[in-house]
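Chains B and S, in that order, give the protein sequences. Just so we're aligned: 243 in the numbering used here is position 243 of the first sequence, and the numbers increase by one with no gaps anywhere. Just so we're aligned: 226 in the numbering used here is position 226 of the second sequence, and the numbers increase by one with no gaps anywhere.
Hints should not be assumed to be uniformly reliable.
No distinction is drawn between identical chains; accordingly, a pair holds when it is met within one copy or between any pair of copies.
[Said to hold, decoys possible] With a straight-line Cα cutoff of 27 Å, these simulated DSSO-like cross-link-like pairs (lysine-lysine) come out:
(1) K312 to K52
(2) K48 to K312
(3) K48 to K174
(4) K48 to K252
(5) K74 to K217
(6) K13 to K174
(7) K178 to K38
(8) K42 to K174
(9) K258 to K48
(10) K312 to K299
(11) K52 to K174
(12) K26 to K267
(13) K217 to K13
Think of the hints as simulated: they come from the structure by calculation, not from any bench.
Given next are the chains, with one letter for each unit.
2 protein chains.
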Amino acid sequence: MNGGEQTILFNNKPRVLAGYSIVGPKEAMGPLDPYFHKRLRKDDFGQKSYEKAECKLHMSAISGAIIAAGLTPKDIDVNIGGDLLNQIITSSFSARELDIPFVGMYTACSTFGQALIAGAALIDGGYVYRAACSTSSHFSTAERQYRYPLELGTQMTPTSQWTVTGAGCTILGKEGGKIYAESATIGKVVDFGIADANNMGAAMAPAAAKTVAQHLKDTGRSADHYDCIVTGDLGVYGSRLFLELLESEGIKVAGNHKDCGEMIFDKKQRCPQGGSGAGASSVVFNSYFLHQMRSGSIKRLLLVPTGALLSKLSSLQGETIPGIANAISFAVEE
Amino acid sequence: MNGGEQTILFNNKPRVLAGYSIVGPKEAMGPLDPYFHKRLRKDDFGQKSYEKAECKLHMSAISGAIIAAGLTPKDIDVNIGGDLLNQIITSSFSARELDIPFVGMYTACSTFGQALIAGAALIDGGYVYRAACSTSSHFSTAERQYRYPLELGTQMTPTSQWTVTGAGCTILGKEGGKIYAESATIGKVVDFGIADANNMGAAMAPAAAKTVAQHLKDTGRSADHYDCIVTGDLGVYGSRLFLELLESEGIKVAGNHKDCGEMIFDKKQRCPQGGSGAGASSVVFNSYFLHQMRSGSIKRLLLVPTGALLSKLSSLQGETIPGIANAISFAVEE
Chain B
1 MNGGEQTILF NNKPRVLAGY SIVGPKEAMG PLDPYFHKRL RKDDFGQKSY EKAECKLHMS
61 AISGAIIAAG LTPKDIDVNI GGDLLNQIIT SSFSARELDI PFVGMYTACS TFGQALIAGA
121 ALIDGGYVYR AACSTSSHFS TAERQYRYPL ELGTQMTPTS QWTVTGAGCT ILGKEGGKIY
181 AESATIGKVV DFGIADANNM GAAMAPAAAK TVAQHLKDTG RSADHYDCIV TGDLGVYGSR
241 LFLELLESEG IKVAGNHKDC GEMIFDKKQR CPQGGSGAGA SSVVFNSYFL HQMRSGSIKR
301 LLLVPTGALL SKLSSLQGET IPGIANAISF AVEE
Chain S
1 MNGGEQTILF NNKPRVLAGY SIVGPKEAMG PLDPYFHKRL RKDDFGQKSY EKAECKLHMS
61 AISGAIIAAG LTPKDIDVNI GGDLLNQIIT SSFSARELDI PFVGMYTACS TFGQALIAGA
121 ALIDGGYVYR AACSTSSHFS TAERQYRYPL ELGTQMTPTS QWTVTGAGCT ILGKEGGKIY
181 AESATIGKVV DFGIADANNM GAAMAPAAAK TVAQHLKDTG RSADHYDCIV TGDLGVYGSR
241 LFLELLESEG IKVAGNHKDC GEMIFDKKQR CPQGGSGAGA SSVVFNSYFL HQMRSGSIKR
301 LLLVPTGALL SKLSSLQGET IPGIANAISF AVEE
């Protein structure tokens with residue numbers, strides 16, 4: 001690659017034109033509430049099924065971001081999107097309403113990173129002028145697809161994370177604004193042998209550590225080059241593992257690390273490991289972190305959405321859960 | 001976009017270094033058998049489950065293509081892959097074995113087009129040197145995931161297509177060989193209101209017609225610019241609908257149109273509509289069509305993989321089936 005073994009460099013500073021986040025009621029009760037753009041009062045969003053609700057959520061994030069950028073759908077060349085549902089129906093059914101060319105992506109909760117990387121590369125290379133990069137997840141659609149019917153009222157294990165109900169969208173463009181994407185590291189699929197579908201943090205932490213280590217090696221940077229290294233949804237336990245794995249390679253990140261999954265819920269909200277889902281990094285980046293970059297308190301940020309690669313069937317067939325993490329760095333122009 | 005409303009132009013001629021195709025026993029009894037690179041004697045490929053068999057199939061296609069290009073996995077910067085299984089476990093579990101950065105994609109059977117477009121853009125823009133673009137499908141994994149247990153012996157309806165058991169991979173690179181990608185049209189999601197999950201051809205044909213019409217408009221070409229316009233898996237009935245829809249817009253394609261799904265099986269093979277699946281366009285392009293381009297009998301080809309966007313759940317919830325089609329054009333250097 002043009003920036004090392006796994007890293008690509010963007011030479012033309014593709015810009016972040018706007019970000020938008022929309023979340024469910026539980027997320028709106030968490031500590032990041034002041035930063036979100038829209039909050040639902042009920043997580044069915046007035047729809048007949050949770051899947052339709054997630055679809056409306058996804059579409060609202062894209063529309064919201066386009067409006068926030070002062071644009072109309074006609075100004076967007078491509079929507080690059082993904083979600084956790086089988087056959088990513090949320091993203092593709094949203095795209096059906098939008099009349100924008102659609103690219104569907106899937107690497108679980110790492111999809112948001114992948115979408116941003118693809119969008120930034122297409123703009124940086126001069127192929128498209130503006131891209132809407134969007135992901136979503138929904139607690140109720142994910143629970144019943146991956147685990148059990150909600151009506152069972154299944155208890156969470158101590159390592160379980162709570163799937164975030166939310167959707168986020170970033171509009172990238174050739175010009176406009178002072179925040180730009182400057183490099184990206186595409187992750188490899190890493191299998192640590194974790195087979196517990198209720199312990200995603202442990203499954204994803206090795207991939208996150210590997211991607212961050214490779215990113216620093218490829219760019220010749222130390223971890224403190226970044227004001228903040230932001231993982232997607234490792235949760236409390238996964239974040240600790242991530243930091244320990246990096247430390248074992250001589251890389252100290254602790255002081256400038258944040259995890260979107262860990263940040264989104266308060267300890268009182270009865271999900272001690274924090275949140276997860278393709279919407280987690282997407283709503284937190286598009287609200288809190290873009291705000292911090294705009295206000296100048298973060299100037300260099302490495303976003304590392306993390307994904308656990310499994311299906312209900314793969315778990316039933318006794319497969320372990322490989323992880324993947326994609327990194328993309330943003331900077332604020334001085 | 002740099003080539004019109006939905007079209008991107010590749011200015012640096014990203015090359016096709018090699019293609020590889022591996023198919024199941026039924027596909028090997030079809031008319032394209034002489035062109036395939038490897039044929040399975042049994043479609044379980046010696047594995048304990050059909051999912052593991054599909055995974056081995058996918059991995060074999062990538063390895064086969066890398067070897068055919070005279071390379072090793074270390075020479076490949078990125079694997080861009082997808083398949084039809086929930087959470088694209090085939091592609092991501094293959095990537096786990098390969099130690100190559102992985103980008104996961106999903107737009108159903110149109111995924112192969114999307115993967116080629118992403119690979120070509122990443123190379124053309126100077127970000128990566130070589131990309132392995134791969135997709136697969138497997139009759140037995142698809143049937144039991146989307147429809148019924150195989151043991152039921154469910155009859156096919158007259159419009160049903162037979163999911164192709166096969167995987168294909170194309171190695172794209174900055175230099176080498178005389179076949180190159182020259183433009184691509186990213187599809188929009190089009191919903192014609194078809195709700196019959198056994199009539200994919202009708203669901204996809206409008207998207208294919210729309211993408212081809214837009215491609216010709218964006219490039220200012222007439223359909224006969226291409227020696228062959230190749231759709232992915234419309235099948236017999238879908239192909240007819242595709243040609244009629246184009247004709248109603250004043251575009252005549254009939255003489256130079258082929259459909260991978262229609263080509264792969266013989267009429268005697270008891271699947272009168274032909275094949276479908278993310279492996280269909282992938283095995284046919286990487287075998288027959290690359291051979292025709294290398295031998296000089298096709299000099300300009302437009303490949304249009306077509307996808308039907310549905311999940312088992314979306315059908316049960318009464319959703320219609322939107323379609324998408326992505327087009328990428330290849331030319332042979334004089």
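Each hint, compared with the structure:
no. : hint         : in the structure
1   : K312 to K52  : both (21 Å within a copy, 15 Å between copies)
2   : K48 to K312  : both (25 Å within a copy, 17 Å between copies)
3   : K48 to K174  : neither (39 Å within a copy, 50 Å between copies)
4   : K48 to K252  : neither (48 Å within a copy, 43 Å between copies)
5   : K74 to K217  : between (40 Å within a copy, 17 Å between copies)
6   : K13 to K174  : both (8 Å within a copy, 23 Å between copies)
7   : K178 to K38  : within (24 Å within a copy, 52 Å between copies)
8   : K42 to K174  : neither (37 Å within a copy, 51 Å between copies)
9   : K258 to K48  : neither (36 Å within a copy, 42 Å between copies)
10  : K312 to K299 : neither (40 Å within a copy, 45 Å between copies)
11  : K52 to K174  : neither (33 Å within a copy, 43 Å between copies)
12  : K26 to K267  : within (12 Å within a copy, 56 Å between copies)
13  : K217 to K13  : within (21 Å within a copy, 31 Å between copies)
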